[in-house]
Amino acid sequence: PQRIPTRIMMSLRRIARPGVPLGRLLSSAAPEVLAPPFTTETALKKVRKAEDAWNSRDPHKVSLAYTPDSVWRNRSDFFEGREAIVEFLTKKWERELDYRLIKELWAFGDDRIAVRFQYEYRDAEDNWFRAYGNENWEFDENGLMKWRQASINDFPILESDRKFLWEPQGRRPDDFPGLLELGL
Numbered sequence: 001p002q003r004i005p006t007r008i009m010m011s012l013r014r015i016a017r018p019g020v021p022l023g024r025l026l027s028s029a030a031p032e033v034l035a036p037p038f039t040t041e042t043a044l045k046k047v048r049k050a051e052d053a054w055n056s057r058d059p060h061k062v063s064l065a066y067t068p069d070s071v072w073r074n075r076s077d078f079f080e081g082r083e084a085i086v087e088f089l090t091k092k093w094e095r096e097l098d099y100r101l102i103k104e105l106w107a108f109g110d111d112r113i114a115v116r117f118q119y120e121y122r123d124a125e126d127n128w129f130r131a132y133g134n135e136n137w138e139f140d141e142n143g144l145m146k147w148r149q150a151s152i153n154d155f156p157i158l159e160s161d162r163k164f165l166w167e168p169q170g171r172r173p174d175d176f177p178g179l180l181e182l183g184l
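Number 94 in the UniProt record's numbering belongs to position 94 of the sequence shown; there are no gaps in the numbering.
Don't take every hint at face value.
Claimed, not checked - Computed beta-carbon distance windows for the label pairs:
#1 S151 - F176: 20 to 30 Å
#2 E167 - E32: 25 to 35 Å
#3 E32 - E125: 37 to 47 Å
Since the hints were made in silico from the structure, they are not lab data.
We treat Cβ as the ideally placed atom computed from N, Cα and C, and that holds for glycine.
Let's have the full structure, built from the sequences with the hints guiding it.
So this is what it looks like as structure tokens:
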């Protein structure tokens, strides 16, 4: 696997397309199949596409990025298949309110991508949290994720400590900083 050094990530923001935020570059409106083998550009786009889908908080939309028999480990939950993914995400977003997520490419190989991510949410009692996590992904030849494993830790924060403040809730704007720029 190749890890994307910080200096390269920062360079991509400057030289990929001068004057165009990295988020806009990675979220092109043109339909594109992002399938293995991955390059730096396609891995970055795949990560942003996943972030956008999860920020939609639409379990059915998110599930379409996975194979029908996709295998998941999320924290201590193990399950398989799109129906289980939809059920899991529905329950997740019923508990995790005002959910906002930022993902960052960590490393990639031919058919695998590793990301680190953070998200903020509140519970029904208005207690705020920031979750810190890492995911390992494996894809089929069509670019659908067939295997996902996520390790996540939640940390209580004050509402005043929130950093993911874009409005409206949903897709992170192209000009909103990523984890590196936020010092996270």
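For each hint, the structure was consulted:
1. S151 - F176: 20 to 30 Å: holds, 25 Å
2. E167 - E32: 25 to 35 Å: About 28 Å separates the Cβ atoms of E167 and E32, which means 25 to 35 Å holds.
3. E32 - E125: 37 to 47 Å: holds, 42 Å
Checked against the numbered hints given earlier, this structure breaks none of them.
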